[in-house]
Structures are given as C-alpha cells and as structure tokens.
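Undergrad: This is what each chain is made of:
2 protein chains.
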Amino acid sequence: MHASPGPDRILEIGHAFRASKTLLSAVELGIFTALAEGPLDLEALRQQVGMHARGARDFLDALVALGMLNRQADGCYCNSPETDRYLDRTKPTYIGGLLERLSIEQYGIWSALTAAVRTGMPQSDKTMVSNFAPLYADTRSRDLYVEGMSARTQPAAKALAASFPWTDYRTFVDIGTSRGCLPAEIALAHPHLTGGGFDLPPLAPLFADYIRQRALSNRLHFYPGDFFKDALPSAEVLIFGRVLHNWDLAAKRMLLKKAYTALPTNGAVIVYERLIDDERRVNVDALLSSLQMLLASAGGFDFSGKDCISWMREIGFRNMRIERLTADQSMVVGNK
Amino acid sequence: MHASPGPDRILEIGHAFRASKTLLSAVELGIFTALAEGPLDLEALRQQVGMHARGARDFLDALVALGMLNRQADGCYCNSPETDRYLDRTKPTYIGGLLERLSIEQYGIWSALTAAVRTGMPQSDKTMVSNFAPLYADTRSRDLYVEGMSARTQPAAKALAASFPWTDYRTFVDIGTSRGCLPAEIALAHPHLTGGGFDLPPLAPLFADYIRQRALSNRLHFYPGDFFKDALPSAEVLIFGRVLHNWDLAAKRMLLKKAYTALPTNGAVIVYERLIDDERRVNVDALLSSLQMLLASAGGFDFSGKDCISWMREIGFRNMRIERLTADQSMVVGNK
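Respectively, the protein sequence lines represent chains A and B.
Just so we're aligned, residue 1 is where the first sequence starts under the numbering used here, counting upward by one.
Just so we're aligned, residue 1 is where the second sequence starts under the numbering used here, counting upward by one.
Hints are computed from structural coordinates only; laboratory data are not their basis.
One thing to keep in mind: the hints can contain errors.
[Said to hold, decoys possible] Examples of chain B residues lying across from chain A (beta carbon under 8 Å, computed):
| hint | residue |
| --- | --- |
| 1 | LEU24 |
| 2 | ARG71 |
| 3 | ALA73 |
| 4 | PRO81 |
| 5 | VAL117 |
Backbone N, C-alpha and C define an ideal beta-carbon position, used for all residues, glycine too.
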C-alpha cells in the first residue's frame with residue numbers, strides 16, 4: 001500500500017515568494033546594516049530603519065522564523081552570523097546589492113511571467129539586460145547593478161584565477177567587465193599577466209577606481225567599446241563571463257566569432273556561466289535564469305555546455321572542455 | 001577553527017520567488033490539466049496551452065527540475081503523481097484555485113511589501129480581504145476565491161469533525177462559511193447535528209449547490225447576513241474558521257462578543273486558524289500570512305493561541321484550550 005502523495009511540496013513552492021520578498025525587503029530597508037552595530041529592541045529598530053508600527057513586529061519575527069535574524073531573551077533583535085557577514089552594507093562581504101536589485105527590479109517583473117510565456121515578449125519597459133545604455137545613465141541603478149555583478153563574480157573569479165593554466169599566457173581581456181572584478185582577481189593571483197576589461201564607456205570611471213584601489217593600474221586597462229559595433233581587443237585569452245546568456249543566438253555566435261578573430265593562434269576563449277546541465281533536468285537555477293532573460297531581454301537565454309561547445313565548433317575553435325568553477329558556475333574553454 | 005558561514009541560504013531564499021512564480025504560472029496556464037490526459041511533446045503541449053516557442057522549453061524544463069513535471073525518455077512531458085492529483089482542474093482533489101489566486105492576485109501585491117512595512121498601509125486597490133462586496137460582485141473572482149477557500153478548509157474541516165466532542169451538542173453554525181465546506185464535512189460525519197453557515201448574501205446560491213450535491217439540504221441552512229451589522233445566529237456551537245485574522249483587534253473582539261451573546265450557557269466557540277506559535281519563533285507561514293493581511297487588508301493580522309485566549313477571557317469565555325487540527329492549523333475552543 002502506498003499513501004497517496006500529499007500537496008505539501010506544491011504548496012511550499014507556491015507560497016515561497018512570500019519568504020523571498022520578505023528577505024529582499026529587509027535588505028532594501030537596511031535591517032541588517034542597522035543591527036550590525038549591535039542588538040536593538042523593536043521600537044529602536046523600527047525608528048531607525050523607518051517601519052510603521054503595524055506589521056513591524058510580524059515582519060521582524062518572520063525574519064527570525066526564517067533564520068535571518070535572532071531574537072534574544074531580552075526581546076532585542078540581532079543579526080545571524082550569515083546576515084551579519086553578507087547583508088551589512090558597510091562590510092566588504094556585502095552581497096545585498098544583488099538582493100536589492102531582485103527586490104526593486106526583478107521581483108515585480110516576474111508577476112508578468114504568464115504573459116511572457118504566452119507571448120515570448122519581454123515584460124519590462126526597461127528590458128534591463130539587453131539595453132545597458134539607460135541602465136548606466138542612471139547613477140543609482142548603474143551602481144546597484146555593478147555592485148550586484150561584482151558580488152556574483154567574486155567567487156567565480158577566484159576559481160578561474162586558480163584553475164586556468166595562466167602560466168601558458170601573458171595577456172587577457174575580460175569582455176563585458178563591468179567595474180573589473182574579474183581581471184582584478186586574476187591579475188592579483190598572477191603577477192606576470194597584463195590586460196584589462198572591455199565594456200561600455202560609462203563604466204570607465206568605476207573600473208578606474210576599482211583597479212586603482214587594488215594597485216593594478218599599471219597592468220590592467222579599460223577598453224571602451226560596444227561589442228555590437230566594435231571589434232574586440234586582441235589578447236591571448238578573451239573571457240565572456242555571464243555575457244552570452246543576455247543575447248539571442250545570432251548575437252551569441254557573432255560574439256564568439258569576434259573573439260575568434262581577435263585571438264592569436266593557440267589563444268583561448270573562456271565562456272563562464274551558470275550553465276544548464278546537458279540533460280536539462282537538474283540545474284533549476286540556470287533554467288530559471290533563462291526565464292529571467294525571457295522576461296527582461298529581447299532574445300536572451302541560458303544554455304548548456306553542450307550548446308556552447310557546438311557554437312564554438314561551428315566557428316572553428318578546437319580542444320573544447322568544460323570545468324566547474326563554483327557550485328553554480330562552470331567555464332567552457334576553447335582554443336583557436 | 002570554524003568555516004565562515006556561506007551565503008547559500010540567503011541566496012536561496014532571496015531567489016525563491018522565481019521557482020514560486022514559475023509553478024503558479026504553470027497552474028494558471030493549465031499545464032497540469034493538459035497533461036492529465038496523457039504525455040505530450042513540447043510542440044503539442046505548447047499549442048494546447050498557448051505558449052510561445054521562445055521560453056516554452058525552458059519553462060517546462062524548469063518545472064521538471066523542480067519535480068513538478070517529468071520528462072520521459074521520448075522527450076514527452078507528463079505530470080508527477082502530486083501535480084496530477086492536485087493540479088488537474090478536472091479532479092475533485094484540485095487545489096489550484098488557491099494557487100491561481102496567488103498567481104493572479106497575491107504575488108503582485110507582495111512587490112509592494114517594502115512600502116507596506118514603511119507605511120502600515122495596504123497596497124492593493126482591491127484590499128480583497130477586508131472588502132468582500134466587490135470580490136463577490138465579480139463571478140470569476142468570487143468562484144476562484146471560494147474554490148481556494150474550500151481547498152484550504154477541507155483538511156481542517158475533516159480534523160475538526162473528528163476531534164471536537166460533537167456528541168455533546170445538537171446545533172452549530174459556521175460564521176463566514178463561504179460555500180459551506182466546513183459544515184458539510186461536520187454534518188456528514190455526525191448525522192445528529194443540524195445547523196448551517198452564515199455569510200454574505202451573494203454566497204447563498206453557491207452554498208445551496210454545494211450542500212444539495214452532498215444531500216444535506218434538510219439539515220444545513222444558509223444564514224445570510226453581514227457580521228458587522230447583524231447579530232449572529234444562535235446555535236450551541238459557533239465556529240470562526242480563518243475569519244478573525246482578516247480584521248483589526250477591535251473587530252476581532254466585537255465578533256467574539258457577538259458569538260458570546262448568541263451562544264447558550266455552556267455553548268462553545270471554536271476559532272481555528274494557522275496560529276502563530278506563542279513564542280513567535282517557529283511558524284513562519286503564519287507570520288507571513290500576517291504580512292499578507294498587512295498588504296491586503298485595512299487592519300488584519302494573524303495571532304497566537306495565547307493572544308486568542310486572552311481576548312476570549314476578557315469577554316467571559318472559560319475553559320479555553322488549544323488543539324492541533326492539521327500540520328498548519330489549530331483550534332482555540334472556549335465555553336460560555
């Protein structure tokens with residue numbers, strides 16, 4: 001005899017948006033930053049971050065029940081070790097820029113998922129991903145985006161610095177570099193390398209600041225350009241880090257082709273992404289990221305390592321291999 | 001030495017809205033109903049439910065990765081045992097009415113959670129919960145709501161039929177009965193009982209249909225009324241099932257007081273809800289439901305058993321006790 005399956009998992013997933021938005025709003029409100037200086041009682045915390053009395057206690061106790069806050073015996077709230085480390089804006093380990101973007105920009109766009117699946121059309125006026133010019137024109141949205149990207153890039157960048165045979169190469173350029181988190185990590189780990197990052201001109205000052213703070217200005221340079229209009233800079237290694245998924249298949253192929261043209265013989269292209277597993281059965285985050293592309297870009301989609309290797313092969317790359325970088329990101333490497 | 005805590009749990013919760021909305025949109029699109037008749041390949045399923053080619057495969061494979069669909073070796077999609085049982089509209093076990101409401105009405109409201117916490121003001125024009133008149137004026141929204149309520153009531157109703165000492169009583173009325181799911185379950189289990197359900201007049205035809213289908217029309221009657229304006233009907237047992245959380249503290253007390261007035265001496269009031277645990281540390285679903293009340297009602301909030309007992313005691317009820325009904329709902333009972 002089998003018990004008939006219960007609806008628990010269905011109800012759990014179906015309601016999960018509420019816990020998710022609660023955490024995102026808490027980051028947006030600066031709860032964890034306020035508590036980083038020490039525990040506060042309900043009233044003090046409420047005043048400090050600007051919460052109305054109605055709902056504040058339920059909101060904070062929901063965060064306690066989610067394990068994102070602790071409540072002491074005296075009733076004061078304090079951060080958990082995780083939220084203290086990652087959600088305090090004043091710490092360099094802050095990853096909340098990403099979560100603020102999820103809260104302000106992405107959560108709302110997903111309310112139109114049904115329409116996006118029916119029509120295939122993006123559901124945001126901004127279509128953030130495929131239209132970086134207006135994104136970068138607004139300083140706050142530019143900074144939020146760039147900080148979010150750095151937070152996501154850091155772990156993959158450290159892994160890439162460690163796992164690629166950099167001693168075989170002298171120069172590299174990161175295509176779509178944002179403020180340069182990736183080239184900075186690689187250059188810090190490998191003093192013989194020079195190169196830099198390629199991105200749209202509005203990112204030049206952010207790149208310059210970030211690289212100068214790490215004392216790398218003598219080895220890393222910013223290459224301003226638009227990869228739809230301009231050729232890519234030449235280097236022995238060219239990197240596309242979470243770039244290709246933003247674009248439709250024609251643009252993906254065009255970018256790989258431009259990289260092929262810009263590389264010397266034996267040069268390497270590195271594509272790293274949150275790849276979908278080849279069988280498309282396991283990596284739910286990558287599949288959901290692809291739906292994010294559906295919602296917010298004109299033609300973008302995520303892809304598997306198998307997909308990427310087939311595009312590289314068509315263009316003429318050889319010796320393709322896939323290597324895991326982090327729990328959720330992998331690189332596909334090919335040589336010219 | 002301790003490893004420093006990772007951000008995995010933060011990122012998991014922060015991104016969970018995407019999986020949630022994917023499932024909700026799939027219910028809305030009727031994916032599981034379409035597959036209940038048998039497996040379909042991508043193209044056939046896409047045509048049948050009306051999905052654009054862009055995104056459809058990612059959408060379905062995300063549901064596979066979430067365990068909500070299976071994909072066979074021949075590439076055809078089919079339901080999981082759970083989704084076949086609970087998300088096929090043609091089955092009596094369908095709970096998707098609730099999920100359709102989450103998808104269409106509630107998901108979007110939560111995008112304004114930050115504003116709700118800052119201001120204490122509801123963020124929906126409809127303020128569904130505290131304004132049933134417009135909700136019931138629209139047939140589709142009325143039916144969705146009523147079906148969703150029945151799906152949520154069924155397990156608690158069966159438990160309440162089994163665990164309350166009904167042999168000590170002869171009459172009962174369910175206050176805010178919707179189409180009468182709760183009195184039907186109780187009356188089916190206890191042939192000696194008579195009574196019915198009290199709710200707004202537009203629900204009368206739905207109640208009549210539902211009760212007639214169960215051959216209970218001779219024992220259960222509909223009591224039309226507005227509990228803000230009218231007295232409650234008299235019976236030996238009066239039940240408030242997930243009613244009190246919709247209203248502010250003054251209304252909660254007023255309703256318990258009206259029940260006290262309507263009951264005979266030794267009569268019983270039963271309040272069942274998804275109660276917050278007394279320590280407000282564990283029951284995250286109840287705390288999040290309270291934030292739903294913040295977002296969608298003028299003054300509603302969820303509460304603990306301890307809270308409810310204190311209100312009952314003020315009014316004059318005695319012999320209060322709390323009993324668990326289902327995994328997530330409990331009843332507070334008091335006698336006059």
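Undergrad: A separate judgement is required for each hint: does it hold in the structure or not?
TA: The hints, checked one at a time:
1. LEU24: holds, 6 Å
2. ARG71: holds, 7 Å
3. ALA73: Because about 11 Å separates ALA73 of chain B from the closest Cβ in chain A, which is outside the 8 Å limit, the hint is violated.
4. PRO81: With a minimum Cβ separation of about 5 Å from chain A (threshold 8 Å), the hint on PRO81 of chain B holds.
5. VAL117: Holds, about 5 Å.
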